[in-house]
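Trainee: If you read the protein sequences in the order shown, they are chains R and X. Note that the numbering used here numbers the first sequence so that position 121 is 121, with each residue one more than the last. Note that the numbering used here numbers the second sequence so that position 181 is 181, with each residue one more than the last.
Hints listed in this document are in silico derivations from the structure and should not be mistaken for laboratory results. For clarity, every value in this text was computed on a predicted model and none was experimentally measured. Misleading hints may appear alongside valid ones.
Intra- or inter-copy, both count: the list cannot distinguish identical chains.
To be verified - With a cut-off of at most 20 angstroms between alpha-carbon atoms, the simulated SDA-like pairs for lysine to any residue come out as follows:
id	residue 1	residue 2
1	K93	L270
2	K93	R206
3	K106	A184
4	K106	L270
5	K163	E69
6	K93	T242
7	K106	F271
8	K106	A127
9	K106	L42
10	K167	L72
11	K93	L72
12	K93	T219
13	K163	A68
14	K93	M268
15	K93	V108
16	K106	G249
17	K167	L254
18	K163	S51
19	K85	V108
20	K163	S103
Number of protein chains: 2
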Amino acid sequence: MFTHRESGSLEYPKGNDMALTLTPLPSLPIISPGDDLAALILDTLEQNHLSLADGDILVIAQKIISKAEGRLVNLTTVQPSDRAKEYAEITGKDPRLLELILSESKSVLRTRENLIIVEHRLGFISANAGIDHSNVSGPWGNPEDWVLLLPENPDFSAENLRKAIEKACGCRIGVVIIDSHGRAWRLGTIGTTIGLSGMPGLVDLRGQPDLFDYRLRMTQVAAADELAAAASLIMGQAKEGTPVVHVQGFPYPLREGSLQELIRPEEMDLFR
Amino acid sequence: MFTHRESGSLEYPKGNDMALTLTPLPSLPIISPGDDLAALILDTLEQNHLSLADGDILVIAQKIISKAEGRLVNLTTVQPSDRAKEYAEITGKDPRLLELILSESKSVLRTRENLIIVEHRLGFISANAGIDHSNVSGPWGNPEDWVLLLPENPDFSAENLRKAIEKACGCRIGVVIIDSHGRAWRLGTIGTTIGLSGMPGLVDLRGQPDLFDYRLRMTQVAAADELAAAASLIMGQAKEGTPVVHVQGFPYPLREGSLQELIRPEEMDLFR
Numbered sequence: 001m002f003t004h005r006e007s008g009s010l011e012y013p014k015g016n017d018m019a020l021t022l023t024p025l026p027s028l029p030i031i032s033p034g035d036d037l038a039a040l041i042l043d044t045l046e047q048n049h050l051s052l053a054d055g056d057i058l059v060i061a062q063k064i065i066s067k068a069e070g071r072l073v074n075l076t077t078v079q080p081s082d083r084a085k086e087y088a089e090i091t092g093k094d095p096r097l098l099e100l101i102l103s104e105s106k107s108v109l110r111t112r113e114n115l116i117i118v119e120h121r122l123g124f125i126s127a128n129a130g131i132d133h134s135n136v137s138g139p140w141g142n143p144e145d146w147v148l149l150l151p152e153n154p155d156f157s158a159e160n161l162r163k164a165i166e167k168a169c170g171c172r173i174g175v176v177i178i179d180s181h182g183r184a185w186r187l188g189t190i191g192t193t194i195g196l197s198g199m200p201g202l203v204d205l206r207g208q209p210d211l212f213d214y215r216l217r218m219t220q221v222a223a224a225d226e227l228a229a230a231a232s233l234i235m236g237q238a239k240e241g242t243p244v245v246h247v248q249g250f251p252y253p254l255r256e257g258s259l260q261e262l263i264r265p266e267e268m269d270l271f272r
Numbered sequence: 001m002f003t004h005r006e007s008g009s010l011e012y013p014k015g016n017d018m019a020l021t022l023t024p025l026p027s028l029p030i031i032s033p034g035d036d037l038a039a040l041i042l043d044t045l046e047q048n049h050l051s052l053a054d055g056d057i058l059v060i061a062q063k064i065i066s067k068a069e070g071r072l073v074n075l076t077t078v079q080p081s082d083r084a085k086e087y088a089e090i091t092g093k094d095p096r097l098l099e100l101i102l103s104e105s106k107s108v109l110r111t112r113e114n115l116i117i118v119e120h121r122l123g124f125i126s127a128n129a130g131i132d133h134s135n136v137s138g139p140w141g142n143p144e145d146w147v148l149l150l151p152e153n154p155d156f157s158a159e160n161l162r163k164a165i166e167k168a169c170g171c172r173i174g175v176v177i178i179d180s181h182g183r184a185w186r187l188g189t190i191g192t193t194i195g196l197s198g199m200p201g202l203v204d205l206r207g208q209p210d211l212f213d214y215r216l217r218m219t220q221v222a223a224a225d226e227l228a229a230a231a232s233l234i235m236g237q238a239k240e241g242t243p244v245v246h247v248q249g250f251p252y253p254l255r256e257g258s259l260q261e262l263i264r265p266e267e268m269d270l271f272r
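The following block holds chain R by itself, in its conformation from the complex (with noise of 0.2 angstroms):
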């Protein structure tokens, strides 16, 4: 089943079918508002002789969406409500950073010096609405003043993109949006689905048998979330961040998704 490598390391064999494997696409340029993301996609898929596969999926940091439907902010054009700047006066934030944060969320769930974390519109749980200044700079002023608002719509964005790469390569696949999460209980941020088209975002397993032919009673795995922490591992956070990552081996047959199959319902929510 497998081959041996003089070099002492691992090789496994064309075609085996268990491997997931990751790879971040080379060469995509910096993106600006208006850009047309799937095309600049193919273009360095076609560039580097490529082509993608039925059942193959593209990871797309969440950033390259939102600068391409020109999600950036000035902070000098906003503002701040008295609301954003209560909030301001708790966090220690910009109350105009505060302003667009309160604008992106449903309801705030904590506040403390230096930290936000809100129901954001989309339905899921995060710091600062998503709203990022890191890797993120404007056409005009200080570039210091720039934020950057998540997508409108991710799913919406993803099925876009999914459908003109698709068009193009004539196969069948998924696209995943992602960002970086921190979580309840552990430190670190985590690459997290914020929006997904043409693959499941949770699959149940509830009623197979186990290797005891116990039926699993429990088990819905988040298999857009799992695939979006790998793909996060490799982008690389900072300069030499690579925002697409190609996969191969997703172990589960694609299918129509949502974003809102990840989201846990507010009724089942015991921590907010």
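Position chain X against the provided structure of chain R, taking the given hints into account.
Mentor: Chain X in isolation, oriented as in the chain R frame:
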């Protein structure tokens, strides 16, 4: 940089050092108490003419560690305390199982019908203190009466396994032990680190320049958890389980590490 494969799918050249490849090891036997896991993994590698290389990581499902370490308990041997009986009333779960859950926990965070979430004695928050019934059987009595506790000290288990395997392969590897965890605000389980050795839990990117030469201020990446999630995706949860995954291309340098890096200290916890 890439080559094109006739079949229409994508082929990356050997030696692409940016790819992350995860491959489940085949043909590991069902593990019983007292089994020498390191020897069994080394046998599997040898039978398949495989060898490991510096920087490779083995991701191991908690269950086979716990089984090898004899962490099976038959519920008919457990005497539930009054406290366990109280939680049994609240949750509707077996009081003997609750006795075990409490004995493995520092505190109980939340309870509901059919649900108990605790702070495990190892420091992480989990449902049922990680005690599991699926894929578990025992040497006598009714198979339904057997449950499996987490390893006594997963960092130590990972360390032992790593040292034995490193000694045999003559190379420097990392080992991470994972379990499937639920999350506060999202549905579905995700592979999560419960012990590690010889690799980072967290990677600190603070102070590194981003694309526009700002300094990142907040980014600590839960690299071990991102890898845990990735490996979990291809381990399989049901009959086809493959409990050992070989990782090539982990993008950070190996070093000493421990689970504790990943646990949010209680004073930083806003959601207990």
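Trainee: Which holds for K106 with A184 at a C-alpha limit of 20 angstroms: within a copy, between copies, both or neither?
Mentor: Answer is both: 19 angstroms inside a copy and 18 angstroms across each meet the 20 angstroms cutoff.
Trainee: Reference check for the pair K93 and M268, CA-CA at most 20 angstroms: within, between, both, or neither?
Mentor: between (31 angstroms within a copy, 19 angstroms between copies)
Trainee: For the identical chains here, do K163 and E69 meet the 20 angstroms Cα criterion within one copy, between copies, both, or neither?
Mentor: Close inside one copy (17 angstroms), not across copies (50 angstroms); limit 20 angstroms.
Trainee: Measure nothing new, just compare the shortest in-copy and cross-copy C-alpha distances for K163 and S51 to 20 angstroms and report within, between, both or neither.
Mentor: within (15 angstroms within a copy, 42 angstroms between copies)
Trainee: Checking K106 and L270: alpha-carbon separation at most 20 angstroms within a copy, between copies, both or neither?
Mentor: both (18 angstroms within a copy, 19 angstroms between copies)
Trainee: Is it within a copy, between copies, both, or neither that the alpha carbon of K93 lies no farther than 20 angstroms from that of V108?
Mentor: within (15 angstroms within a copy, 34 angstroms between copies)
Trainee: Using 20 angstroms as the alpha carbon limit, work out where K163 and S103 are close: within a copy, between copies, both or neither.
Mentor: neither (30 angstroms within a copy, 53 angstroms between copies)
Trainee: At most 20 angstroms between C-alpha atoms: does K93 with R206 qualify within a copy, between copies, both, or neither?
Mentor: Between. Shortest inter-copy distance 19 angstroms satisfies the 20 angstroms Cα cut-off; intra-copy 45 angstroms does not.
Trainee: Please sort K106 with F271 into within, between, both or neither, judging by C-alpha distance up to 20 angstroms.
Mentor: Answer is both; intra-copy 16 angstroms and inter-copy 18 angstroms each pass.
Trainee: Could you figure out if K93 and T219 sit no more than 20 angstroms apart (CA to CA) within one copy, between two copies, both or neither?
Mentor: between (40 angstroms within a copy, 18 angstroms between copies)
Trainee: Treating 20 angstroms as the Cα threshold, decide for K93 and T242: within, between, both or neither.
Mentor: neither (29 angstroms within a copy, 47 angstroms between copies)
Trainee: Treating 20 angstroms as the Cα threshold, decide for K106 and L42: within, between, both or neither.
Mentor: Classified as neither: same-chain Cα gap 36 angstroms, cross-chain 53 angstroms, threshold 20 angstroms.
Violation of the numbered hints given earlier is confined to hints 6, 9, 10, 16 and 20; the remaining hints are satisfied by the structure.
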